[in-house]
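Position chain E relative to chain P; hints supplied.
As they're listed, the protein sequences go chains P and E. Numbering that gives the first Met the number 0 applies: residue 0 is where the first sequence begins, and numbers increase by one. Numbering that gives the first Met the number 0 applies: residue 0 is where the second sequence begins, and numbers increase by one.
Please note: incorrect hints may appear among the correct ones.
If chains are identical, the list can't say which one is meant, so a pair holds when it fits in one copy or spans any two.
Stated by the list, open to error - Restricting the straight-line Cα-Cα distance to at most 30 Å, the calculated cross-link-like pairs of lysine-lysine (BS3-like) are:
id, residue 1, residue 2
1, LYS230, LYS151
2, LYS301, LYS317
3, LYS15, LYS243
4, LYS318, LYS119
5, LYS318, LYS230
6, LYS318, LYS44
7, LYS317, LYS143
8, LYS127, LYS163
9, LYS318, LYS227
10, LYS44, LYS211
11, LYS61, LYS171
12, LYS137, LYS119
13, LYS154, LYS137
14, LYS87, LYS202
15, LYS87, LYS241
16, LYS318, LYS15
17, LYS61, LYS85
18, LYS171, LYS127
Please keep in mind that the hints were generated in silico from the structure rather than gathered at the bench.
There are 2 protein chains.
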Amino acid sequence: MNLLFTSSGRRTQLIKYFKQELGNEGRIIVADYNSTAPTLYIADKGYIVSSIDNSNYLNEIKEICTKEDITGIIATIDPELSLLAKEKEEFNNLGVQVIISDYDIVEMCFDKYSMFEFLKNNGFNTPKTYANLDDFTKALYRNKIDFPVFVKPRKGSSSIGINKVSTLEELKILMKYNTDLIVQQYMQGQEYGVDLYVDIISKDVISIFLKKKLSMRGGETDKAVSVKNDKLFNMILDFIKKLKVVGPVDIDVFEIDGEFYISEVNPRFGGGYLIAYECGENFPKYILNNLKGIINTSHIGKYEEDIYMMRHDIVTIKKRCELLQ
Amino acid sequence: MNLLFTSSGRRTQLIKYFKQELGNEGRIIVADYNSTAPTLYIADKGYIVSSIDNSNYLNEIKEICTKEDITGIIATIDPELSLLAKEKEEFNNLGVQVIISDYDIVEMCFDKYSMFEFLKNNGFNTPKTYANLDDFTKALYRNKIDFPVFVKPRKGSSSIGINKVSTLEELKILMKYNTDLIVQQYMQGQEYGVDLYVDIISKDVISIFLKKKLSMRGGETDKAVSVKNDKLFNMILDFIKKLKVVGPVDIDVFEIDGEFYISEVNPRFGGGYLIAYECGENFPKYILNNLKGIINTSHIGKYEEDIYMMRHDIVTIKKRCELLQ
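In isolation and in its complexed conformation, chain P is listed as follows (with noise of 0.2 Å):
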C-alpha cells in the first residue's frame, strides 16, 4: 500500500512517522512544487510537480498515482484540501482514495465567517466575527463588542495577515486598503489544541488529543503539553455530530473563565500534531486501517497527561547537483 503527500512542504516528521508505522507494507511518496521542500529528501520518493493553481496540477498529481499505485492521497496545507475534495470520485475511479472530508465541508472550514455562522447556528461557543465594517461599527455602538479586536483575512492559512487593533481609526484605515477581512473579538485566555480523528468507514470520532498551547511560531505550536478534560473531550463530540468531517482534523479551542470558545476547524493534520503521535495518538495507523477496510475502535482519553513537545530546527543539505528536478 502506497500513500501520496501533496504539497508536502517541510513536514518531514510528520513523513517519518507515517514510514515508521508503514514499515515494509509499502512506500511513501510526495510531491511538492518546489525543489527545496525538504520532505522530497525524506520519503521514498519525491516527485517535483506544477504549483496548485497550475491548470495541469491535478492531472500530474493522478499520473504519480498511477506511476506510484497509489491507494490513499493526504494534503496537508488549506489551498489544496478543496482542490482535491472536489475530484475525490474521479480519484476513486482511480482507485485511489482522497483522505478529505467532503468539498462544502473543506470550503466552510476554510472560510473563517462562513464556520463563525455554522458554529453559532449550531450553539457552540466561538469569538464573535463580523463580516464587514458596517457590521462591527454597529455592534461597536452597542456594547456587543469592544477593542482591540483581530483583523485577519476571511480566507487564510497559518497567522499571514493578522493583525491586533486596538482604534477604530486604525480599524478602518485597515478595511479600506484591504479586501476581504474579517474582524474578530480578541481572545485573551488559554489557547488549546486540539488533535482528533474521525474514522473514514464508521464516521466515529476515535480520537481526541488535547494540548495546551505554551508558544507559537509562524503561526504553528511551537510548545506544548498534553492535558485532558472532559468538559472539551465532550464539546468536541457534539460538535462533530454537527459537523460532518472525516480523518485528521485540527480545531483550535480557547477558554475563557472556564468557557471553551471553538475558533477555527481545519480539516486536516494540524501543524502541531507531532506531540500527539508521539503521546499515543497514532493518526497513521488509523488512516492504515481505514485504507485496509477496518474500522479503528474508539481510543478517546487514553493518553498520558503532562507530556511536553518543543519544537526545533535540523537542516538538510543538498548540492544543487543533488536536487530533485
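For chain E alone, kept in the frame of chain P given last:
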C-alpha cells in the same frame, strides 16, 4: 575548556556543532529561563536561570561560570548582548572571556537608526531610514522616498513588529499609536545573509560566508544557497575596518541593480549560520582557537558554491518530571 551559552533557547543545531568541535576537550553548558528550551536537553548540562531583566540574572550567570569552570560565554539573542558586553571586564576577572563585541558597538548595532547613520557617514549603501514622521514627510515631499515603506521598531529583533505600509494615512496612524518606530525604504531585490568571523586576537576578518536567502520563516532564514561575490566580499572587508566588531557577526544585505545595501548588522551568530558551518566555515573551531590563544588564519572564499540548506522541525518530548527545575 568549558563553554557557556546563555539564553540558548531552541538553537540545538548550533550547540551540536560546538559539541562536535569540542569533543572530549570540555563540556557545553547552557542557561535559559524557560524549562522548555530544547537546548537544555541537548547540552552536557542545562541550568534554569532568571529572565535577563531580573536584577539577579548576572549573578546567576557568574555563579554558573565559577561552578562549571567556564572559559568562554556565547550569547545568541540581541537583548542580552549589551548586558554581557558591559560586564566583559568583570567576567574577565573571573577568568571568563565574553565572546561579544564592545558595548558601544553592540548598542549601535541594536539601534537601527544609529546604524543607518554610521553606514551613511562611512559611505556605505544602506536603505534610507527616518527616525520620525516629520523627517519622513519632508523627504516624501522632496521626492527622496516613496511608498511602500517598512515600519519597524528602532530597536528590535527578528521580524517582530515589522509592517509594510503603502499610504501616508496608514503610516500616520501606525506612528501615532506606536512609539520608537522608524521608517525605512522598502528594498525590492535579492536578499543575502553574510556570516563572518572576526578573529578576537588579531581583529582580522578571517571568514566571510555569503548565502542567497530563498525563503524566510519567523524572521529567520529558512532556505538559502551558498554563493560567492568578490564585490560583496570587499565591501564587507571595508566595512569591518570601520566597525570594530569581533567574533561571529551576521549581516543582512540587499542587492538592487548590481549594488549592495547593508540593511542590518547583528554582532552574534545569525539564525542562518547553520549553512555556513555545513559548508566548512567552522566558527566553533575559530572560537575555541581564540580561547586557547591561537590566531586563526584567513579562510575567505574557500567554501563551495551552490550548496542548498533547508530547515525543518524535529521534536523533543519530555514528561513534566523530566523537565529541569
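Against the structure, the hints:
1. LYS230 x LYS151: Answer is within: at 29 Å inside a copy they meet the 30 Å cutoff, but 43 Å across does not.
2. LYS301 x LYS317: Between copies only: 18 Å across chains, 41 Å inside a chain, cut-off 30 Å.
3. LYS15 x LYS243: within (29 Å within a copy, 46 Å between copies)
4. LYS318 x LYS119: Neither: 53 Å inside a copy, 38 Å across copies.
5. LYS318 x LYS230: Intra 52 Å, inter 24 Å, cutoff 30 Å: inter-copy only.
6. LYS318 x LYS44: within (18 Å within a copy, 35 Å between copies)
7. LYS317 x LYS143: Neither: 55 Å inside a chain and 43 Å across chains, both beyond 30 Å.
8. LYS127 x LYS163: both (15 Å within a copy, 28 Å between copies)
9. LYS318 x LYS227: Intra 46 Å, inter 15 Å, cutoff 30 Å: inter-copy only.
10. LYS44 x LYS211: between (35 Å within a copy, 27 Å between copies)
11. LYS61 x LYS171: neither (46 Å within a copy, 52 Å between copies)
12. LYS137 x LYS119: within (19 Å within a copy, 50 Å between copies)
13. LYS154 x LYS137: within (23 Å within a copy, 39 Å between copies)
14. LYS87 x LYS202: Close inside one copy (17 Å), not across copies (64 Å); limit 30 Å.
15. LYS87 x LYS241: within (22 Å within a copy, 63 Å between copies)
16. LYS318 x LYS15: both (23 Å within a copy, 22 Å between copies)
17. LYS61 x LYS85: within (14 Å within a copy, 62 Å between copies)
18. LYS171 x LYS127: For LYS171 and LYS127, both the intra-copy (18 Å) and inter-copy (29 Å) Cα distances are at most 30 Å.
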